Amino acid sequence: MGKNELIGGTLWEQYSRKVAARMNAPVHRGEITEEEARVKNAKLIVVDWGAESCGDAVRLYWAVDPKTNRILDAKFKSFGCGTAIASSDIMAEMCIGRTVDEAVKITNIDVERSLRDEADIPAIPPQKMHCSVMAYDVIRKAAAHYKGVDMSSFEEEEIVCQCARVTLGTIKEVIRLNDLKTVEEITQYTKAGAFCKSCIRPGGHEKRPYYLEDILKETRDEMEKEMFRSRIGNLDFASMSIVQKLKRIEAVLDQTIRPHLRADGGNMDVVDIQETDDALTVYIRYFGACLGCASSSQGTLYAIENELKKQLDPKIRVVPVS
Amino acid sequence: MDRIYLDNNATTIVDPLVKDAMDPFFCRMYGNPNSLHDFGTEVHPYMRIAMDRLYAGIGAADEDDIIINGCACEGNNTVLKGVWFDWIRTGKKKAIITTSVEHPCVKNTCEFLQSQGAEIIYLPVNRDGIVTPEILKEHLDAGRTALVSIMWANNETGLVFPIAELASLCKENGVFFHTDAVQAIGKLPVDVASVPVDFLTFSAHKFHGPKGIGGLFIRKGVNLTPLFHGGEQMGGKRSGTINVPYLIGMGLAMELAVSHLDFEQTQVRRLRDRLEDAILRIPDSEIIGRRELRTPNTILAGFKGVEGEAMIWDLNHYGIAASTGSACASESLEPNPTFVAMGLDKELVHTAVRLSLSRFTTDAEIDRAAAVIVKSVERLRSISFTSDR
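Each protein sequence line maps, in turn, to chains A and P.
So the mapping is simple: my numbering equals the position in the first sequence, first residue as 1, plus 1.
So the mapping is simple: my numbering equals the position in the second sequence, first residue as 1, plus 24.
Simulated from the structure, these hints should not be mistaken for laboratory data.
None of these values were measured; they are calculated from a predicted model.
Check each hint, because a few of them may be wrong.
[Claimed, not checked] In silico BS3-like cross-links for lysine-lysine, where the CA-CA straight-line distance does not exceed 30 Å:
| no. | chain 1 | residue 1 | chain 2 | residue 2 |
| --- | --- | --- | --- | --- |
| 1 | A | 208 | P | 131 |
| 2 | P | 399 | A | 19 |
| 3 | P | 235 | A | 4 |
Let the sequences and hints guide you as you build the complete structure.
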């Protein structure tokens, strides 16, 4: 919050002049007829996207040169708000002169950027970004129609937030790299969920295949499990807690040292461990035959220390106490 | 280009007579009414006149309270939170019954109270968009229900609810009844002497008074913990220095609203019907709610193939102010809950445009508005494609 947010802006004062101009007089509104396409020796493509019941629907017309795959003309019709009409208009304009493959690369973000009056001021308020997504979807549908393929073949990755075009992979990555714990943080890092908010949780403006809340929870769960595995899996002795370190030391002693001592009628216990910045001191006490054995303060002691250094941490020192 | 204001359910022009009546209380008689000196004392006779006008306007008895506050939103919060505090939090009762078509200031307050543990029951509306006594009867439980809160008239559709019957049903069952009468004052007779409501809220700016002042009627004998604590203004029921000029203005605005009721029911209705008839002559247009069930000033229209926000944009371009319940024009992109509750077609929800008149609306304005609406629908349908299927 703060001075600007408390009173808030009105919706329309956040539209760029270009949005207003395109809304008032869309340049590419209309249809391309079979006859018009035939005169240009072009293939006519007509596709619909969206539905009136969702509040947004667009119909795109392309006249495509079948030899060069170049879009010779594009027109649209739209049921929708000012943003939907303006973004459909600029989308149609951007298609003209491009090949079908080039056109497929036009995203709603390109559409929004080309509606800006100034490079760093958004053309539309955040909640209206959703209305520009349609422009991207309808192009893909037209291209699929032209090529006779499935629409999904143009989608390289799973898109979680359509408005900001953020992929599932990106979101998982920022959660892991930055140790993100809230959806708000994901939005700050990626802009996913900043616009129409449909992708945050179910029940928003539209149904989505992935939701940020679920992705966050799943990724955090995975991270938790990995951390747990690394703790108990001897992967990183240095970052273990003192209790876990003691357990690891005992395990090494059980496996490699105690069998030999017992074979000679002796044994040992760990009495204490103490950790400082440059050393981990393991205090041990001998039993049985080890007591009084000369090697217990020389060869045997070095063997124990070397084994622990090798297997766990070069910082380890072993000190016998009586 | 003269602008035409057809968004009177959102707010209204301040009647110039009201503005004149308020004027002396800014720079001449500006005393704090709580002060002992003449500056404070001299405003009291004028405040009493204003209070008399408010009491007369809604038919309140002298023993009843009309608490002067900031707006109807504050009044509604005072009632809902007061009832929660005194009756639900204490464990005496459990539930508040309201409707699925209330204004956000009731709906969101109820949702807050739900988060505090209150049970909230949202009554559905019938096919006409009305909450009937039969619907209320199904859910009313004298032992559990602390309060029933139902608006007198709906802000979006103008549909008028049978408040006399609903309030009587509550009275028979010993349950408090509150009505948000914001959209009723000045459009319909509102008389608490004959309609047994316990609480009634109103806002001056909806009936040609200033913004930022309202009233809360509380019937004699009903006690409610106040929302504001502080000084002893309003008998301790609403602390805060009384906004004297605005109270003076609201008093006169109420008197004028009531004295224009016949005008509203005849002349405003005539103009509204004329505009409505013009709209209905446009092919594939629809009006939501039966005419005889609505306040005389309100039209909610849908034009097939014409999205609501786009329509408001075009109307504004020609200087005509209207509003839309289209999801696209809202911050949340959520469909308007009133339309959802009424079970309107999804297509219609996105096209709904509200036109609301006042006693200041003229014949010439209606004729020009009708012509602009025809032109805008034509233009937007020429861009749209769903309408030609």
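Right, here's what the structure says about each hint:
no., hint, verdict
1, A:208 to P:131, "holds, 25 Å"
2, P:399 to A:19, "holds, 23 Å"
3, P:235 to A:4, "holds, 21 Å"
The structure shown violates none of the earlier numbered hints.
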